[in-house]
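Chains as they are written, first to last, in numbering that gives the first Met the number 0: chain E, 0 to 327; chain A, 0 to 327.
Hints in this document: simulated from the structure, not taken from any laboratory.
Some clues are possibly wrong.
Identical copies look the same in the list; a pair holds intra-copy or inter-copy alike.
Claimed, not checked - Straight-line C-alpha distance at most 25 Å; calculated SDA-like pairs for lysine to any residue: (1) Lys227 with Pro175; (2) Lys113 with Val230; (3) Lys113 with Gly44; (4) Lys113 with Gly174; (5) Lys227 with Ala173; (6) Lys113 with Arg276; (7) Lys113 with Arg302; (8) Lys113 with Arg42; (9) Lys113 with Ser36; (10) Lys227 with Leu149; (11) Lys113 with Thr38; (12) Lys113 with Glu41; (13) Lys113 with Thr35; (14) Lys227 with Asp256; (15) Lys113 with Val271.
Listed below, chain by chain, are the residues.
There are 2 protein chains.
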Amino acid sequence: MQRTERAQKRLPVGLDDVLEAARRLDGVAIRTPVFTSRTLDERVGGRIFLKAENFQRGGAFKFRGAYNKISSLRPGTGVASYSSGNHAQAVALAASLVGSSAVIVMPRDAPEQKVEATRGYGAEVVFYDRYSEDRDEIGRRLAVERGLTLVPPYEDPFVMAGQGTASLELLEEAGPLEALVVPVGGGGLIAGSATAAKGTQGGIEVIGVEPEAGDDTRRSLAAGHRVKIAVPRTIADGLQVDAPGELTFEVTRLLVDQIVAVSDEQIVQAMVFLFERMKLVVEPSGAVGVAALLAGLVDVSGRRVGVILSGGNVAARRFAELVSEPSG
Amino acid sequence: MQRTERAQKRLPVGLDDVLEAARRLDGVAIRTPVFTSRTLDERVGGRIFLKAENFQRGGAFKFRGAYNKISSLRPGTGVASYSSGNHAQAVALAASLVGSSAVIVMPRDAPEQKVEATRGYGAEVVFYDRYSEDRDEIGRRLAVERGLTLVPPYEDPFVMAGQGTASLELLEEAGPLEALVVPVGGGGLIAGSATAAKGTQGGIEVIGVEPEAGDDTRRSLAAGHRVKIAVPRTIADGLQVDAPGELTFEVTRLLVDQIVAVSDEQIVQAMVFLFERMKLVVEPSGAVGVAALLAGLVDVSGRRVGVILSGGNVAARRFAELVSEPSG
């Protein structure tokens with residue numbers, strides 16, 4: 000029995016961890032709303048439930064994992080992270096909430112807005128040159144020199160468990176679902192989501208969505224081992240990873256049923272649909288699930304399907320560029 | 000006593016009408032969410048509650064008034080309306096829900112998207128030439144010839160009462176408020192809102208917001224009678240009226256404390272703030288309240304203030320144009 004094999008495997012994260020994360024996050028993370036849309040249902044022929052993590056603190060699901068990790072550390076532990084995206088702000092915010100100091104390593108050419116937002120949460124920003132320096136090494140060195148604990152964006156059981164709480168809430172609110180559709184970058188969100196979903200509703204199908212140019216997890220599943228690709232060029236900046244994580248891939252290969260891939264054009268179409276029909280601002284990485292549905296890549300016909308809208312951090316001018324290009 | 004004078008005046012709409020509208024709309028209109036934002040509160044120095052009518056059926060508060068009116072008619076009564084905006088779709092949708100036929104008079108050059116959306120609700124669209132024909136006359140003639148009941152966009156007690164239910168819900172959810180900030184076009188929304196607010200929380204200040212170019216209600220209040228201006232040029236297309244309604248002005252002059260006016264640039268800044276910080280899509284007319292707060296035109300310091308985000312019907316490409324212009 001496949002199920003028994005799964006249970007026997009010692010996975011890095013389990014349903015208990017997600018449930019414990021949910022208790023830690025209770026009253027701290029926003030229990031984000033679930034949206035439905037007659038128009039979307041008619042368009043795709045199923046009953047769709049959208050979990051709006053764009054309304055999460057920091058504008059993305061990343062707060063869940065970061066807070067779950069940081070709040071599990073000995074009080075007062077300083078933390079460090081490297082990221083140019085949503086994870087950095089999530090770590091800065093989570094650290095400020097538990098009264099810890101945070102150092103975020105960012106590329107020198109990171110958008111001023113993101114640097115300011117990170118500093119706004121009280122974090123120290125350390126710059127590196129993304130063309131000549133290795134951020135992992137800088138992060139590790141800082142951690143050693145200053146006695147900081149690194150908070151990885153996905154390669155950590157507490158981070159994965161925290162991310163899984165979004166799906167846990169969605170499943171609680173929407174009731175039984177036949178499928179769950181989740182964006183895939185490094186794999187933290189889908190690992191946590193699959194753990195929550197298969198743990199609470201055994202028969203549910205878990206479907207990951209990657210950008211076409213960055214389908215490292217799809218290739219890895221096909222190959223049966225982690226495959227590394229060139230750093231993908233895609234508008235889904237949150238999903239620009241070149242390989243799945245080790246820990247996340249252990250979970251993904253056992254619990255995820257299928258990975259589909261969407262084009263940048265399909266992502267923009269989904270962002271426009273969410274904007275015009277549902278009045279929701281969703282960033283490119285956050286819109287891949289709806290993109291897959293609208294493009295007919297997932298069979299949702301007559302099914303109850305949950306979709307994670309993972310974040311909403313896109314500048315208005317960037318959105319304007321995306322929807323004004325001929326392909327949009 | 001001013002209060003007694005008010006009570007003695009026989010206004011066209013009262014709290015009872017709003018409460019009755021709320022009962023009619025219960026389970027039909029969406030009880031839209033109320034959003035708060037630490038960032039907004041810090042920026043303006045008050046505690047702000049945003050009523051998100053962009054999530055209402057049809058994408059704007061207009062559904063409330065239209066449904067309240069149409070559902071109060073004898074069953075099967077056909078209805079007619081003229082509008083190129085949110086009211087047309089609201090009438091079409093409300094008529095379809097109660098099983099009535101609807102005829103909507105629209106300018107021949109109305110956006111295809113709006114025409115299709117109106118037809119999508121099962122309404123018949125009758126075109127007129129906005130440069131050579133009078134839509135009021137066409138609407139009235141159609142009504143007479145076909146025995147249809149006209150559903151005016153604001154000059155109607157049922158319409159005003161329906162619009163007031165948004166504020167009623169906001170006041171119920173947010174608790175006691177010191178001020179309520181509401182967009183002003185023809186005056187249906189603010190008449191209903193002021194009726195609900197002063198009727199339930201006597202001491203509350205009711206503040207209307209107009210576009211600078213279309214401050215007909217502000218001028219009318221200053222003059223003590225309805226003043227007609229040239230049709231205003233403003234991006235807030237829902238507020239492009241040249242004079243307050245007769246009935247709405249009767250309510251406004253007694254119950255509204257103050258009108259402020261915002262520039263198109265301030266409106267765009269508010270739309271960008273709502274997009275980037277709150278992940279909400281709000282159309283220009285719907286963003287005037289937040290624009291007034293961000294521009295410092297309303298004293299909210301240390302106060303609990305409700306704001307109606309009246310709608311979210313703006314095309315993605317139009318939003319892109321607005322935020323890409325140098326003034327934005």
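Now the hints, each set against the structure:
no., hint, in the structure
1, Lys227 with Pro175, "neither (36 Å within a copy, 57 Å between copies)"
2, Lys113 with Val230, "within (22 Å within a copy, 42 Å between copies)"
3, Lys113 with Gly44, "between (39 Å within a copy, 23 Å between copies)"
4, Lys113 with Gly174, "neither (37 Å within a copy, 35 Å between copies)"
5, Lys227 with Ala173, "neither (36 Å within a copy, 51 Å between copies)"
6, Lys113 with Arg276, "between (28 Å within a copy, 13 Å between copies)"
7, Lys113 with Arg302, "neither (39 Å within a copy, 30 Å between copies)"
8, Lys113 with Arg42, "between (36 Å within a copy, 18 Å between copies)"
9, Lys113 with Ser36, "between (32 Å within a copy, 18 Å between copies)"
10, Lys227 with Leu149, "within (23 Å within a copy, 65 Å between copies)"
11, Lys113 with Thr38, "between (34 Å within a copy, 15 Å between copies)"
12, Lys113 with Glu41, "between (38 Å within a copy, 19 Å between copies)"
13, Lys113 with Thr35, "between (31 Å within a copy, 22 Å between copies)"
14, Lys227 with Asp256, "within (21 Å within a copy, 65 Å between copies)"
15, Lys113 with Val271, "both (24 Å within a copy, 16 Å between copies)"
The structure does not agree with the numbered hints 1, 4, 5 and 7 stated previously, though it agrees with the rest.
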